[in-house]
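Make a model of the complete structure from these sequences and hints.
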Amino acid sequence: MKNIFIFIRIYFNFISFVILQICCILILNKYSKTHEVYFAGITNEMVGKVNKKYDNVYSYLNLQKVNKQLAEENAHLRDSLKSSSIYVSSKIDSTAIIIPDSASLPKRKYAFLFARVVGNNITSQVNILTLERGRLQGVYKGMGVIGPQGIVGEVIEVSDNYSRVMSLLHRKSSVSAMLKRDKNSGTIEWDGVSPEYVILKNIPKSAKIFKGDTVVTSNYSSIYPSNIMIGTVQAIRKDNSSNFFTLKVKTSTNFSSLEFVYTIQNMRYNEQHSLEDIKLKLND
Amino acid sequence: MTNIAKYIFRFILFVLVQEFILDKVPPIHQYVVPYLYFLFILWLPFSINRFGLMIAAFFTGIAIDYFSGTPGLHAAPCVLIAYLRPFILNLLIPQETTEQSYVEPSIQSMGMGAYAFYIVFFTFIHHTYLVFIEWLQFGNLSYFFSKVGVTTAVSILLIFGTELLFYRKAKYRTNAA
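Sequence lines, in order, name chains A and B.
If you count the first sequence from 1, position 74 lands on 74 in the numbering used here, and the numbers rise without skipping.
If you count the second sequence from 1, position 51 lands on 51 in the numbering used here, and the numbers rise without skipping.
Note that these hints are calculated values from the structure, not bench results.
A few of these clues could be false.
Restraint ranges, calculated between C-beta atoms of paired labels, are given here [as the list claims (entries may be wrong)]:
| # | chain 1 | residue 1 | chain 2 | residue 2 | range |
| --- | --- | --- | --- | --- | --- |
| 1 | A | S257 | B | L84 | 39 to 45 Å |
| 2 | A | Y60 | B | R168 | 31 to 37 Å |
| 3 | A | F260 | B | G149 | 35 to 41 Å |
| 4 | A | R268 | B | G161 | 50 to 56 Å |
| 5 | A | Y58 | B | G161 | 22 to 28 Å |
| 6 | B | I12 | A | L275 | 49 to 55 Å |
| 7 | B | F9 | A | S222 | 47 to 53 Å |
| 8 | A | M267 | B | F9 | 22 to 28 Å |
Note that the coordinates shown come from a computational prediction; the quantities given were computed from them, not determined experimentally.
We treat Cβ as the ideally placed atom computed from N, Cα and C, and that holds for glycine.
As structure tokens, this is what we get:
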């Protein structure tokens, strides 16, 4: 016993070094795997508050750009309103007057919650955004996040009043996407090179692709509604060794000037996931 | 006591500068990442004990980590350089004169050559370990080597600028302190 104490005293520095290193690696490991840390809630609140202070100042410099983004989005939404199109029909539809049964009304699948971006990073390989909206305001882990111009990322960590979002510009982000023109679907990833471009993988070579094709979220994604803008095809790389194209896609979202985003609540997220999990078990 | 206040102030300043200025600089290239915060550890006084140094380094790293959303990534290399620092300092400075008369590492207290070696060595160690951890998660060999090279060069340039801009008076150690 005495020898152990002597040993510890002699190698105290080395032992504490090893212990601290192990701590770091454990935190890092746990975090990258499950995106959860024991004390994440507390630090998240603190970091969120500091970020908010900074953003209060910084947002003034961006006001014009943000106004323009929001105005454009408004115009787009007005375009898609039903009232702005005319239905030309000579027949008077008598059934329209009758109040429809509530069961036959279209059910709402997605709810959009507005959030302000208080922390944003695009310079590292693992970029994270901080939003000023948390658990108390209805955000949960796994929500999709879209901006005025296109998709932004996925919520990975939630505290009471703040949440953190894994941006599309994260080495581990992966989003199911498709080409708008012919519905061929693939996966959007980021190669870490430029914050303006992401990579679309797994588009079969049978697909005809042109520069400038629009890439949108696919029908298979459980966190995003389908047909949300991601970007446009900028370059096509042919890889002779595989049957798939690798496309360079310019993101429609300008990640450096994000101020306001929407978190998307999928009302049927749990249902879809529990069903998909059952399928996996059968395959085993 | 004023010394402790000074170091706390310096700590906050380094973390904020790293997080809100250097990390917001529009990226020129994926390899060009300006890191400066670890200079805080290199500027801590000679007299700090080794365990305290490692704890201070750990918290510096973790503070940066929570802002950038990667807990543990920066803390690990910080603890490493804090552990190695006393060994290198023992090699670089003549024990009986300098260590006793100056408070912290600087050009004046160590001499230009020794101080330059001290900075370059630890910048290199820090970045190698940092990029190594990143590399385990993604990237390839060329990513590792180029990023270590480029970030080290950028950091040394930044530290050189910091030394020129913020002249630290090399204080003698007194009995009162």
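Do the hints match the structure? See the list:
| no. | hint | result |
| --- | --- | --- |
| 1 | A:S257 x B:L84: 39 to 45 Å | holds (41 Å) |
| 2 | A:Y60 x B:R168: 31 to 37 Å | holds (35 Å) |
| 3 | A:F260 x B:G149: 35 to 41 Å | holds (39 Å) |
| 4 | A:R268 x B:G161: 50 to 56 Å | holds (55 Å) |
| 5 | A:Y58 x B:G161: 22 to 28 Å | holds (24 Å) |
| 6 | B:I12 x A:L275: 49 to 55 Å | holds (50 Å) |
| 7 | B:F9 x A:S222: 47 to 53 Å | holds (48 Å) |
| 8 | A:M267 x B:F9: 22 to 28 Å | violated (50 Å) |
Violated hints amount to a single one, hint 8; each of the other numbered hints is respected by the structure.
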